[in-house]
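Colleague: When you get a sec, could you build the whole thing from the sequences and use the hints?
Sequence lines, in order, name chains F and Y. Numbered as in my numbering, the first sequence ends at 446 without a single skipped number. Numbered as in my numbering, the second sequence ends at 892 without a single skipped number.
Note that these hints are calculated values from the structure, not bench results. The structure displayed is predicted, hence computed values, not measured ones. Just so you know, even glycine gets a beta-carbon here, dropped at the ideal spot from N, CA and C. A few of these clues could be false.
[Said to hold, decoys possible] Computed list of lysine to any residue pairs in SDA-like fashion (alpha-carbon distance at most 25 Å, straight line):
1) Lys208/F to Asn657/Y
2) Lys9/F to Asp813/Y
3) Lys711/Y to Glu174/F
4) Lys240/F to Ser708/Y
[As the list claims (entries may be wrong)] Heads up, incomplete: computed chain Y residues facing chain F, CB under 10 Å, no partners named:
5) Asn448
6) Ala588
7) Gln648
8) Tyr670
9) Glu673
10) Ala682
11) Ser712
12) Ile728
[To be verified] In silico negatives: residues of chain F with every beta carbon more than 10 Å from chain Y:
13) Glu4
14) Ile69
15) Ile100
16) Ile115
17) Gln179
18) Arg184
19) Lys256
20) Lys265
21) Tyr275
22) Arg303
23) Lys316
24) Asn376
25) Phe389
26) Lys431
Single-letter residue listing:
Number of protein chains: 2
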Amino acid sequence: MNIEKFVQKFRDTLVNQCGVVGSSRILVALSGGADSMALLHLLKHSEMECLAVHCNFSLRGRESDEDEIFVQNICKEWDVELITERFDTTAYVTENGISIEMAARELRYELFNTICREKEIKLIATGHHGDDAIETFFLNLARGTGLKGLTGIAYQRDSIIRPLLFATSQEIIEYCNQQSIPFRTDSTNHETTYLRNKIRHQIVPLFKEINPSFFNTMQNNMEYLTEAWQIFMAEAVKVKEEMIAGTGDSLLIPIKQLNEHSQKKSMLFEILQPYGFSGSVIHNIADSMNGIPGKQFFSQTHRLVVDRYNLVLVPKSETDINQYYINSETEEIDQPIRLSIKTFKKRDDFSFSVNPKKVHLDADLIDFPLIVRTPNAGDRFQPLGMTHFKKISDFFIDQKLSLVEKENTWLLINNDDIAWVIGHRIDNRYKITSTTKTILEVSVMH
Amino acid sequence: MNIEKFVQKFRDTLVNQCGVVGSSRILVALSGGADSMALLHLLKHSEMECLAVHCNFSLRGRESDEDEIFVQNICKEWDVELITERFDTTAYVTENGISIEMAARELRYELFNTICREKEIKLIATGHHGDDAIETFFLNLARGTGLKGLTGIAYQRDSIIRPLLFATSQEIIEYCNQQSIPFRTDSTNHETTYLRNKIRHQIVPLFKEINPSFFNTMQNNMEYLTEAWQIFMAEAVKVKEEMIAGTGDSLLIPIKQLNEHSQKKSMLFEILQPYGFSGSVIHNIADSMNGIPGKQFFSQTHRLVVDRYNLVLVPKSETDINQYYINSETEEIDQPIRLSIKTFKKRDDFSFSVNPKKVHLDADLIDFPLIVRTPNAGDRFQPLGMTHFKKISDFFIDQKLSLVEKENTWLLINNDDIAWVIGHRIDNRYKITSTTKTILEVSVMH
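Modeller: Structure below.
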């Protein structure tokens with residue numbers, strides 16, 4: 001590697017991509033790993049006024065403390081002011097019910113922002129490199145997070161800059177070695193998820209076999225995608241301004257106007273994704289715009305109703321929040337329990353299931369969306385084989401269910417009827433009869 | 447799989463994505479494989495007037511002929527008019543110096559177009575499915591073919607429609623099995639390249655481990671990318687009209703105006719890619735727009751000069767065509783011979799190479815771009831160790847080179863000087879001396 005070229009590229013990136021002009025004050029996120037050590041070294045030797053911050057997440061016992069001591073010594077040697085902070089990450093995880101990666105992220109950025117406010121610093125630099133960006137691209141591609149996700153990692157967003165995105169992880173290590181910069185290796189790497197590792201160690205190497213310059217090709221791909229996304233966003237902003245009524249939590253989106261837009265699906269995606277709708281649900285919403293009105297779709301926080309003239313977006317009501325919906329296109333749900341749903345024509349030789357975990361209902365009686373919810377006081381149904389109603393609570397007693405079993409029982413609801421006490425008994429009204437033409441099969445998956 | 451849903455989805459795709467209205471006459475490309483057999487069956491049962499065409503590429507001897515007999519029998523049984531044509535593909539490959547896949551493609555589409563003209567048919571249907579589109583996406587991602595390549599395969603382009611793109615390869619086979627449609631399996635699958643197989647059997651399965659619904663996610667990804675590309679193209683067309691002077695083979699692109707466009711790189715990509723410039727060369731052109739004027743870049747057919755005010759694009763002259771260029775950023779070239787190029791600072795302990803395939807030149811004398819070309823009559827240089835000039839032809843005689851060796855010898859040219867008779871001897875003027883500061887290392891790779 002040509003060190004001078006590398007340093008020049010770093011400085012060009014700092015100016016052209018990160019928008020850093022002249023000698024600025026920069027807060028450097030310093031873990032002690034090769035990326036952040038190279039970052040601090042490069043910034044210091046590019047006439048930047050650096051202040052370092054180190055987060056001790058107390059996740060790797062002695063190793064975490066050794067990292068802290070390591071950066072303290074280096075900063076003293078390099079004459080860089082250092083702020084260190086210890087976090088009880090495990091407690092934070094327990095309190096907030098989030099993943100370790102998410103907890104570390106939240107704690108880190110909260111600290112960074114506090115320091116920036118107190119010290120009046122406007123720029124935070126992180127050591128993300130080009131391989132990180134490629135992995136992010138593939139993660140987002142696999143998850144379907146839309147065009148934005150395919151732009152990789154931004155060189156600059158708000159106060160955060162990432163001037164090492166031009167470099168590979170290997171180039172950074174070479175830089176450290178050539179400049180005799182010491183660095184620590186994180187033996188566990190809590191921030192590297194299982195999926196990221198799969199992409200790093202299995203998927204990317206296969207692409208490099210296809211194209212040895214895959215890193216450069218992906219840098220170009222992501223650059224083009226970023227520019228395409230910018231053009232796209234300009235159009236999306238225009239559409240939002242011209243088309244949509246309502247603000248914040250509730251929106252009215254006129255169906256006719258949206259239909260006339262030649263890029264209606266991606267526009268709808270830009271409008272609805274901030275409200276937590278996934279790519280596939282948005283896809284279904286777009287398809288249902290030209291169907292019979294009345295369909296409903298749900299995100300974690302919002303409900304969207306396709307009415308005659310508008311898509312109506314409102315926050316979920318309290319009742320909604322404890323209800324889970326199954327649309328006609330749904331083939332599987334994961335929440336609150338894993339169910340698989342199929343529809344098929346009844347054949348003459350059909351014999352229905354006697355397994356209480358896999359049931360067959362008369363599909364002609366079903367009116368989507370179906371709802372999955374917990375029992376309410378007073379719920380009644382006609383257990384299979386009976387012609388009169390029985391209270392759910394009595395049914396549970398008959399079945400000798402334990403308290404835990406009762407609490408974990410879910411109901412499948414069709415038009416306010418209990419169609420199935422999931423895992424236990426279907427309603428007699430929904431059973432397959434000689435006149436049934438289409439069958440809905442619902443199974444509990446493991 | 448729900449057959450009725452599948453058929454409905456096929457018909458929806460035919461209308462909404464392929465723009466087929468009412469009962470149309472369609473030419474169906476019928477190989478006899480599952481995809482094209484399902485396609486013909488679905489089209490026939492969707493009230494389309496089908497005419498089938500089968501290409502016998504004579505690539506698999508008896509198997510090819512059995513395929514032909516198979517589709518003849520099926521078309522008789524299904525009452526579908528069939529046109530068959532035999533090609534001597536191997537001869538076509540030899541004559542045109544192209545790959546088997548390319549030859550099959552050219553022969554096929556030439557035949558399709560002829561039939562469409564003669565029979566006045568406006569639509570050609572091919573059996574490409576969703577898995578093909580995903581593989582195309584990854585191939586183009588790996589090669590860096592720009593945003594367009596990431597839109598996968600189009601449902602409709604000119605007269606060609608691909609109504610099976612919504613389906614997976616497996617769904618198509620299930621459809622064939624459920625409908626008792628016979629099909630042939632191509633044991634060699636000449637049209638499946640090595641790279642496509644790598645993507646199909648190694649890369650896609652890894653993504654499916656990350657996301658079991660990867661097929662649907664990718665369908666959505668490609669749909670969003672297609673819409674983004676449409677918006678992007680509308681902008682690119684506008685830029686081309688407003689900014690560029692000249693037509694066809696020669697263009698003038700004003701640097702200042704292009705610099706002011708916030709998506710200059712992707713705009714430049716759209717402008718230059720049709721002239722055969724690769725993504726990475728276009729990237730370098732964009733970077734050099736703000737540097738010293740005079741840089742030149744080459745595609746197979748065109749030369750681009752960065753002058754003071756404009757990018758000037760002209761067709762390559764005859765001399766250009768037999769010359770290959772090495773720019774200052776070039777690290778490797780593959781054509782006309784494989785060379786690797788490095789620059790580094792001379793250290794005190796430097797000892798230059800005595801290997802005639804790996805040479806060290808004084809980089810301070812080098813003025814990019816370097817040129818690689820064959821010897822011309824009258825070419826002279828100063829062989830290392832000599833202070834006078836010698837004719838190349840005399841040098842070849844001294845070296846006792848065979849005719850074949852002479853014909854395969856290339857020269858590395860710097861500013862009209864021969865700096866290296868590649869693989870044999872450097873020029874004395876370019877040798878490393880005590881005053882050399884920077885070294886250019888050029889090696890012949892195997």
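Colleague: Look at each hint and say if it fits the structure.
Modeller: Each hint tested on the structure:
The straight-line distance between the Cα atoms of Lys208/F and Asn657/Y is roughly 22 Å, inside the 25 Å bound, and the hint therefore holds. Note on Lys9/F and Asp813/Y: the hinted pairing holds, with a Cα-Cα distance of about 21 Å set against a maximum of 25 Å. This hinted pair does not check out: Lys711/Y and Glu174/F have alpha carbons roughly 30 Å apart, beyond 25 Å. Pair hint Lys240/F plus Ser708/Y holds up; C-alpha atoms about 22 Å apart against a cutoff of 25 Å.
With its C-beta approaching chain F no nearer than about 6 Å, Asn448/Y sits inside the 10 Å limit, and its interface hint holds. Given the 10 Å rule on beta carbons, the hint for Ala588/Y holds: about 4 Å separates it from the nearest Cβ of chain F. The interface hint given for Gln648/Y holds, since its Cβ lies 5 Å from the closest Cβ of chain F, which is under the 10 Å cut-off. Hint on Tyr670/Y holds. Least Cβ distance to chain F is approximately 5 Å, under the 10 Å limit.
Because the closest C-beta pair between Glu673/Y and chain F is about 4 Å apart, less than 10 Å, the hint holds. A cut of 10 Å between beta carbons decides the hint on Ala682/Y: the least distance to chain F is about 9 Å, and the hint holds. Annotation: Ser712/Y was flagged as interfacial toward chain F, and the flag holds, the nearest CB pair being 4 Å apart, inside 10 Å. Given the 10 Å rule on beta carbons, the hint for Ile728/Y holds: about 8 Å separates it from the nearest Cβ of chain F.
Interface exclusion of Glu4/F from chain Y breaks down, the closest Cβ pair being 7 Å apart, not more than 10 Å. The Cβ of Ile69/F lies farther than 10 Å from every Cβ of chain Y, with a closest approach of about 35 Å, so its non-interface assignment holds. Annotated as non-interface, Ile100/F keeps its C-beta farther than 10 Å from every C-beta of chain Y; the closest such distance is 20 Å. The claim that Ile115/F is not at the interface with chain Y holds, since no C-beta of that chain comes within 10 Å of its own (minimum 32 Å).
Gln179/F, annotated as away from the interface, keeps every beta carbon of chain Y farther than 10 Å; the closest lies near 14 Å. Consistency note on Arg184/F: stated as away from chain Y, and its beta-carbon is indeed over 10 Å from all of that chain's, at 29 Å minimum. With a closest Cβ-Cβ approach of about 17 Å to chain Y, Lys256/F is found to remain outside the 10 Å limit, as its non-interface label requires. Consistency note on Lys265/F: stated as away from chain Y, yet its beta-carbon is not over 10 Å from all of that chain's, at 6 Å minimum.
The beta carbon of Tyr275/F sits about 17 Å from the closest Cβ of chain Y, which is more than 10 Å, so the claim that it is off the interface holds. Against the 10 Å criterion, Arg303/F stays outside the reach of chain Y, whose nearest CB is about 22 Å from its own CB. In this structure Lys316/F is separated from chain Y by more than 10 Å, as the shortest Cβ-Cβ distance comes to about 24 Å. Listed as a non-interface residue, Asn376/F keeps its Cβ farther than 10 Å from every Cβ of chain Y; the least gap is roughly 33 Å.
Once the 10 Å rule is applied to beta carbons, Phe389/F is consistent with being away from chain Y; the minimum gap is 33 Å. With a least CB separation of 21 Å from chain Y, Lys431/F remains clear of the 10 Å interface cut-off, as annotated.
Checked against the numbered hints above, the structure violates hints 3, 13 and 20; every other hint is satisfied.
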